[in-house]
Structure formats: structure tokens, C-alpha cells
Amino acid sequence: MSDVLNNLVASPQTPGTKHYAPFAVTDEINAQADKRIAQYPDDRKRSAVLPLLHIVQHEFGFISSDSIDWIAGKLDIEQIKVLEVVTFYPGLRQTAPGKFHIRVCRTLSCAMGGSYELVEKLCELTKTDLSKMDPHHHPIVVSPCGQYSVEFAECLASCGTAPVCLVNDDFHEGVAPDMAGDLLNKYKD
Amino acid sequence: MSEATTEKLPKDVAAEDGMVNVQVDGNWIQVPKGTRMIEACKIAEKEVPHYCYHPKLSSPGNCRMCLVQMGMPPRPAPGEDPKFKDDGFQEIGWMPRPVIACANTVAENMGIRTTGELVESCRHGVMEFLLINHPLDCPICDQAGECSLQEFSVEHGRGNSRFVDNKVKKPKNVDIGPRIRLDDERCIMCSRCIRFMDEVADDPALGFTDRGTHTTLTVHPGHRLDSNYSLNTADICPVGALTSNDFRFQMRVWFLKETKSIDTNCGTGSNTVIWTRGSEIFRVTPRENNEVNSCWMPDSHRLNFHYVNSEARLNTPMIRNTSGTHEAATWADSIQKAAEVLRIHQPGEIAIIGSGKQTNEELFLLGKLAEALETDLLTLVPRMGESDGKLVAADRNANTTGATLLWDTEDPYAKLDAIREGVRSKKIKTLVVFYENLLEEAGFKEEDLANLNLLVSNHILPNGTAKNSHIVLPGAAFAEKRGSMVNITGRLQRLNKAIEPPAGAMDDWEIIRDLIAALDKKAAPLYLIEDVLKAIGAAVPAFEEQTFSKIGDQGIQITVTGQTIPLLDKEHQRIERGEIVG
Amino acid sequence: MSDIQYIDGKQPHQREHRLIFKNIDRVGWNPSLDTYRNDGGYKQLKDALKWEPKAITNEVKKSGLRGRGGAGFPTGVKWGFIPPNNTKPVYLICNADESEPGTFKDRYILHQDPHQLIEGMVISCFAVGAHLAYIYIREEFPEAAEILERALEEARNANLLGDNILGSGFNCQIHIHRGAGAYICGEETGLIESLEGKRPYPRIKPPYFPAAMGLYMCPTIVNNVESLCHVKHIIQMGAEEYAKLGTPRNTGTRIVCVSGDVKKPGYFEIQVGKMTMGELLNDVCGGPKDGRKFKAVIPGGSSAKILRCDEKFNVSCPPGTEKREISFEEIPLDFDTLAACGTMAGSGGVIVMDDSRKMSWVLNNLNKFYAHESCGQCTPCREGSTWMRKITDRLVAGKASPSDIDTLNSIAYQIDGKTVCAFGEACSWPVEAMVDKFRAELVSETSEDNESIAHSAESEAQRRFLQPQG
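Which chain is which? The protein sequence lines are Y, C and D, in order. The first sequence: position 135 = 215 (the working numbering), numbered continuously. The second sequence: position 571 = 1070 (the working numbering), numbered continuously. The third sequence: position 456 = 545 (the working numbering), numbered continuously.
Some hints could be false.
If you anchor each label on the Cβ, the simulated ranges turn out as follows [as the list claims (entries may be wrong)]: (1) C:G615 / Y:M259: 40 to 50 Å; (2) D:S492 / C:E515: 21 to 31 Å; (3) Y:M259 / C:D725: 35 to 45 Å; (4) C:P577 / D:R239: 19 to 29 Å; (5) C:W527 / D:P337: 14 to 24 Å; (6) C:D585 / Y:P121: 25 to 35 Å; (7) C:E999 / Y:G153: 48 to 58 Å; (8) C:W527 / Y:D149: 51 to 61 Å; (9) Y:P121 / D:E540: 42 to 52 Å.
Stretches of chain D that chain Y covers, calculated by requiring three or more beta carbons in the stretch to come under 8 Å of a beta carbon on chain Y [what the hints assert, rightly or not]: (10) 191-205; (11) 347-356; (12) 480-494.
It should be emphasised that the hints constitute simulated quantities derived from the structure, not laboratory data. In this text, a Cβ means the ideal position worked out from N, Cα and C, and glycines have one as well.
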């Protein structure tokens, strides 16, 4: 099989990989998945593809090839139909992020508020080199220490308190570029 | 005007027949209610260029090439009656925004413009967008000559390119399946192939990854596009993104001659086009027939033609000499020799084995041959498999239905076991075989064939039966002859001659005719294959008054067998549910 | 309402009329069911369940409520599109994908007042006959999703959801469905495809109008968070009273979100059409930053056409009167006048730019957004949005030629009105308006010298901050 195809589901190691357990189907994961599947009509299991992907990403940090196979089996659809969804959404990633994944809003109001400078500052402090990004398959660059990854996100819907960012699931508003250090200090270990 | 009020308006006249009036580029036509605008334009003989629309698939409306201008009569103000002009139609109010013709249906008094500034500017725009990231590698693209991008570029494209930035890079030459190759840079994301695999082939192997301008067609790694219908995706791909491994780089399509014919690999009798140059077949593609194969065809069937081009084709009659080697002979000597030996045997010592892949004309004449030899030991070799639930019929013989009609028998295979047993027990001493290699499906053993006083066989390629034959009569392959067949549903269809048989080989019906003539001097002369069909018409009620021109390209239902084609059944359900046009 | 105390520094402006945002930033307020009920919450649900479902739809129609998601389509009319002879299940979907740049109102409802939404949803479900509803919430609101999950659980436990709600015999369940970062999921048919587990490719309309053929090809009503909250207030106030808020045809209140170059950005709930642009920006938002002047405003989310602050408009103002010339400051914030001014009220996201901003930079920022968010289903938007971005990438890098500006404009018009969904307009309008209104400024950043350059390398700016869809 060609590399072109294998790369579609490959999850190359990143400095962040160490923070995440490899994908494994546990009773708990199965139970979580079944609970989500039950929220849709019986013959519409496919609807649960996003919820299941969220479960996987939340537990294991990213969407691995195995997890795609598991979801496809669980929902009785072809793997390609899961991959179609995985690769569509920037919120789903196929490689491990840092322990703290920072998503800075890139869109107009935040950009006017200094979000580009904020990213520059965050990258500088975490020694993250965004130019190393593979923009399609693996758009996340992890700091060499593996603690942080920095990424631009499109509008996080808090334009009035620009610039804003998400660190994992925590929302931070009014993060001026010079507050980058303070922000990182909240996420040490 | 008082008279006019008593006359029916065009809308009422149309409505009586379930029709509506639609104005296409200024001309009023009547089309059935519910017709898609694009189909109405087709009826009006106005071309609407399109990429994603395919009448057999769902309509996502994504290519935006079929944008046309639409108009409807203005809605009357409350309490006001609609105003009709002298011609009985209402004024059309044209919408400023274009609409897609593929997914919208017509309505009474609708106007459609397939030309004009708005429509032309839409097509211009879409063509430009489709080409900015296209590699423009037409000189080495296998789709050249049958590429919709090329075709519509001529009519609706720009002469120059305004795009000076970098093109998007995508995977090229991707091995996605045994028979199909993918070039993602040429793909225009019309999604026809994905929909075909989802909706028709029932093997959702294809999908898009990424998004926006980076949207990329692919298979899942580890899952091959290996469905027996995969080559249909290359047929419906409007560009050179999906090409056939078998055909690519073999020949530029514009050098190929197209001959309409039918498939002989199973009882469905899918309608085909045979693409040839000189005496060589380059490809076989499905041809639309909504009573037979829709517009699809199994890969296994369409690719089963390479043997026709084989170097090893038998190209001269041969007679085995006393030392056991075959020597080239003339047709006259070969036929004469066969007739001589046959004549000295008793009817019970003679058997004839024909093939379910033979034409009606050949089978009819085989029946006549049996009559001439006064034997009733006449059979075909059964070739039963399993239906794939789509287009591959369980009966892999193309003309079993024809044989039952022509020989007036329930089971044209009934005597095979008896004949095989007769040969083994040496009761049968002479055997005339057409097309079949007895050592395969027929279940004969080589040592049994050695028992025979005479084995006359017709083949197109050397095989075990030919080897053991006393006389070998080289015949014509399916693409080298004319004739008719009746498919599993009872449809009489026409096989056409795309290429000449090798010099020295002969059309099978003529071989049988000559054999009969050599045995029975009083047999009516048959000069043309038309004469044979005429004779069949006179003898077999189902064929009464049939001629090749009457059969035409789409065939004629001459009997009802009760068998249906599963893929068509599914298609009819989808049409009924309004999912596809059909 | 005078007894309501707000958190210091977050008090509503005196020109505001807080209905939907009554509880936002309220002292002592939390998103729990108890708090909501103690404040009189779920009373309207109890009342509504005694109504004829059709009567609720009529009441919403009468109220004149127009969708707050962006298109401004009358909510009650939308509900009325469910085929009368329908036998299939009906679904209701709350569009909480809040993704139009410049818009940040739903976030606060979801975080602080989830039960208001749930109450509005159950009433709406009852009105349209839906027994199963989903809240499609964007992935970027992880905390809000948790808050909602908890609120739904509380509501289930209190029999405000589930079977036989409050003894009425009405059954209704609501589930949360999280997106994963796609603007296109804010488009209702894209959202439905996403909810079905497919790529969120918007459907063609006709024939796939959600009210007839929506989720699972069943009748489906998709409403914005704010719109569904309004339903509760319409029941509470009665349509007639509600319609007295705002102006005729532009009734009720709406939340305007102001961001960018103003002294006090934020969210403000105002009566529709009762406040002008000038009042909003100067009085409510404190005017431009010191030493700056307003230059341009995007009035209804990033897709809305930009307005110059020195522009004059010849429009009927108020709607229905003789046309007259008004200045930018005089534009009332309603659906119709903004449309007459060539832009739209959209989602209520007002983005303000002062004279320090280069329009090429602003446009490039938006083009990056749209190129990134185009789903790629249909040709003009898929190819055109990225092409426009590539041109403005060069523009901001000083590598564009004057003819690029014309090309940019014509690409936009080649997309506008020719796509499956409104994203075509969303991505082309900013370009059309910017070229229309700031052509001279854009051209001034180009050079004839670049005319002959083969722009083979992508611009520096793009390389510097490569976007995921680079």
C-alpha cells in the first residue's frame, strides 16, 4: 500500500505522545460510547460518529488509526466514512498535542487585539517552531519539552474580550501578548 | 376574446395528461410534471453542461456548472386573477439569481434560459474555478478526448489564465484498487464515484478527506476499491481522475471505433460499446439500457475480451493426420471430411454440443444440423454460478433463454450427462462441438475423447478439446460476429460485429450452415445472417417477423421469463422514491 | 426588574433593554435549576403546555420574531413550513454553533442561563410537535457543553424533560451534540448533515428545506439559541406586548455584540431599531480609542458588507417612509434599514475598525477565515475562497498588482449567488464591499511592477503563520 494512503491515518510520534495512553477499548469507553449512541434513533447510529471521536480524543489525546477502526465497527460504517469526518474538522487531531494544548483565536477581532503577537510570544516561550507544521495531516506543533502545543483556531466567539484562547478545555479571555508568560505559568505540570 | 375564454388554456390541456408547459430558450414544450429542469432542457434539445449530475445517482448539486436562469409568472396580488396573454401563457418574471437545473423540477409556465449573459457568466466562472488548480496535463492524460473539462472549456472557458499563484498539490498516481488509478489533482470533486459506490455498488469504499480546496478523494488505507463494479467509476468520472489500469495509455480514444453490442458473459446481456482500432479491441464499456443494465457493467465482464486479441488465435481449419498432428486444411476439405465421417454413422452414434454463449442464429442452425443428422443428442453446457444481486446473473451463459425458445425445450442442458456417458461408454462415436472446451465445465475426460471416431470442434483458441479433435474449425469471437441473443428476462438483443475475425477463421453460423449443406444437399440456401433470423421467425413464434433493424440498439422483449435483474429492481425503487431521475 | 443587581463593571447600559440577557452577569446568579426556578423559571413552560400547539406557533408568528442567527427569517413562519399532513417524527435543533466572527452572544446564555434555553426549547418542541431535540454546540465551548449537560440532567430529574412533562402528557428529550470546529455547521443543512454523522456539506434547497426534509429526511426546525430563548418571553409577555418592543417588522430585543476598536466593547441587548449606529458606538461603547477615529464597521458578523464611517445612505428610514439621506451614525440597528444600506444585521456582531487599520490586512484576515472554513463541496466557493486569500496574501506582502484588485472583485462576483449555501455570499461579500468602498486604499498598496512578476512563491505572510489549510 502506498505511503500516500498510509499517511492518512498515521499518527507520527510527537514530544507530546508520552502524555497519552495508547488507544485501547475498555469497558468504560464502550459504556460511554453506548450512552452516546443511545441518544440517536436506533437506525441512525452513524450520528454518533462525532460524539465517539470526542470520547476517543478526550481519553487518548488524538484520533489514531485503531480508534477509527473501532468507531467504524461500533457504528457499522466503513472506516473511510469515519476518516472523512476526522479529516474535515480542525477540532479533531491525528497526532498527540502537548500536555497543554493552546488554541489562540486568529480571526479578525482577536487579530486586531494582538492574537498573532500572542502566538509569537507563546511560541517563543515554549520554543515551539510553527514553521515545522505539516498544514494538512498534522497541523499541530508540539514544544520540544512536550508540555505545550500552540495552534491558531478560528473565531472562538468571544470577540469582545480579545484576544482569547483555549488551553485544553479552559477558556481565557483578554490575554494580551505580554500576558503569555502568566498564562503558561498556570499550566506547568 | 369571448371565444377565447371558452377555450382551454395550455396549462389545462397539459394538466390532463399530467404534463406542464415549460418555455426553454423561447420555445414552449410540454414535459411530464416532476421533470428535472435539466431533463426538460434535454427534451428541448438544449444542452446544459454539467459534471456532478448523473440521472442514476442522487443529486448533490455541487459542481454548479448547470446554472441556468429561471422564470415564473408573477404571483397575482390578493384578490386578483392571474393574467394570460393571447397565446394562453402568463408573462414570465425572470429571477436575477441563477438556479441549478439538475435538482430543480419544472412547474407550469416556467421559463428556462440556457443561454444569455447571466448563464454564460456563471459557466465562465465555474470553468475558471475548475481549472485554476487543475494540472492542465491534457497531453498525457488518458481522459483526453472524452473529458468534460476539455469539452466545456472549448465552449465556456477563457482563453487566458488569471491565476498566477501556486496550485494546490495533491496525490498523483495513487493505487487505490486493482483496476483503478487515481490522480487527485485532476479530480473536480463532483462526487459521482463516491455516490456510485455508496448507492449502486453497495461498497462505500470511496470518500473525501480534508476540506475546502484541499478536499481529496481517497480510499481508506487497507480498504481497496476492488468491487466488481469499480470500473464504472472511471466511466462516470467526467475528468481524468479515475482511469482504468487496463485501458490507460493503450490508445487515444479518438482513434477508436465504437460498436454497439451486448455482453456475452452472463444471461443479463449488458449492453456494451466495443472500442476497437484495426482488428484489436481496446476496451468494452457499458451502454445505457434501462431494461437491462441501466448504465453499469461488472468489471469481470467488461475486461473479458483480451483473449480475442490473442496471438494464439486459431486462424486456419486443421485436420489431424494419422500420426496425430494437426495439419492446416482448406475450409472445403475440412467441412467435406467432417460430413463424410458423420454420414457413415448411425443417428444414435452422433451427438452435438453447442454453447449457451452462441447466438440465436447459431443455435437455430445447430438444431437444423441435428435434424440433418437425425440425432436428438443435442445439448448445451450449463454454466451456473451465483447471482451477485446486481448485474451478474446466476446463469453465466448469455443465451439460455434463446436456446429454450429455439429448441422448444425446458432444459437445453438436459442431454449433456447422457452424451458424456455415451462418449465414455463408446456408444456415441462422433461428436460435433461448438465453442465449448469439453474438458472444462462440460466435465469430459481426455481419455473419453480418445474413444471417438470423429471429434469436430469449433474454437477460437487452442485448448484440450481442439487438441483431441480430428477436425478443428476456427471460429469468430463475440466481437467478430453479428447475431441475436435473448437475455434472462426474455429480451431479444443484437450482437454486432466490431472487428473482423482472423483471416482463415469463419463466422460460426456460416460454419454450421456449410456443414448442414454438406450433409443435406436439399437444405435451403442461406446467404445472409438476416436469412437465418427470417427462418427463425418462420419457425419459432416468439421470433415472428423479427429483424435485426427491428431489434435495434435497445432490444425487444419477446417473452416474459419471470426473471428480473436485481440492480434494475433497486433502481426502480429509487426512481419511485424520487431519489434519482433514472 | 429594578431589584436585579449586576456584577460591578458589568452593569447593563441604561439604553439596554434586558430580556434574554436579564440574568447575565447578575449578582447571585448561577446556572442551576434552583436559581432559575426561584426566579420564576419554567412557569412559561407550564403555561404553554396547556395551549394548543398551533396557538403557540401563531403567537410566535404574531410576535414578529425574526431569527437571530443571521438570516432574520421569521421564526413562526419557519415553524409553519412543517407539512400539515406529516406523519414522520419532527425534530427540533438548537443551533448553538455560534461561529460567525464578531458574534459572542450565545456563549453567555449557554454558560450562565442554560435553563432559559431549555425552557424555550421545550416550549418550541411542544409547538412544532417534536419529541426529540438536539443542541448542536460548537466544540470550542467545552465548558458550556458541560454546563448544558448538567442543566439537562437537572431538567430530566425535575420532569421538565422526558415523558409526560409536568403531567401534560407531552414527551420530549433533548441531547447535546458537539461539533468539531467548522463554521459551515452553523448553516442549518450543514449542521443536519454533521448531526447525521456525515461531512457537513450543506444540502441544496430546494428540495431539502429542513422543515420538510431535514434531519433523517424528517421535518426539522433549526433555530438559533437566542431565537429559542425569545420564545419563552413571547409566551410570558404575549405576542402583542412583545411586538411593542423594537419597531414594526423588527420587533423585540436583540443582542448586539461589539468588538474591535471601541473603548468599551461588549454585548448589549437593545430594542431592535430603537438605537442608531452612532448611539451604539459613541454612547454605549464609549466612542473610538483616544486619538483615533472610526474608519469602518462590519455591522452583522464578518460576512456582512463593511460600511465606511464617512458614508451616506439614501434609504427609507424608518422603513416605509420616503427615502432620505442619512449618515452612517444615523443608521438604526434593525434588519430592514441595514439591508437597505447594502449590508445586513446578520448575527448582530459589530466589528469596528479605526483609522489605524489597513483594509488590506483586515480583508486578508477574513479571507484566511473563509478559505479555511469553506467546506469544499461546491466549485465556486471551494476554489474561489482560497484564490481570494492567495491574492490578499500577496497584497499584504506588497506583491500584488493593481489588476489583482479587479481580479479579486470579479472572483467574488463569480462566487456570489452561485453556491449551494449562503457561504458563497458570506465569503464574497467582504471582498465585494471592501473593493467597492476602499478600492483606492487597496490599489495604493499594489505596484505596477508586480504586474509582470510571476508570483510563483506564496507570500511571506502566509509562510509565517501557516494556517491548517495553508
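Tested hints:
no.	hint	verdict
1	C:G615 / Y:M259: 40 to 50 Å	violated (58 Å)
2	D:S492 / C:E515: 21 to 31 Å	violated (58 Å)
3	Y:M259 / C:D725: 35 to 45 Å	violated (56 Å)
4	C:P577 / D:R239: 19 to 29 Å	violated (51 Å)
5	C:W527 / D:P337: 14 to 24 Å	violated (44 Å)
6	C:D585 / Y:P121: 25 to 35 Å	violated (56 Å)
7	C:E999 / Y:G153: 48 to 58 Å	holds (55 Å)
8	C:W527 / Y:D149: 51 to 61 Å	holds (58 Å)
9	Y:P121 / D:E540: 42 to 52 Å	violated (59 Å)
10	191-205	holds (count 5)
11	347-356	holds (count 7)
12	480-494	violated (count 0)
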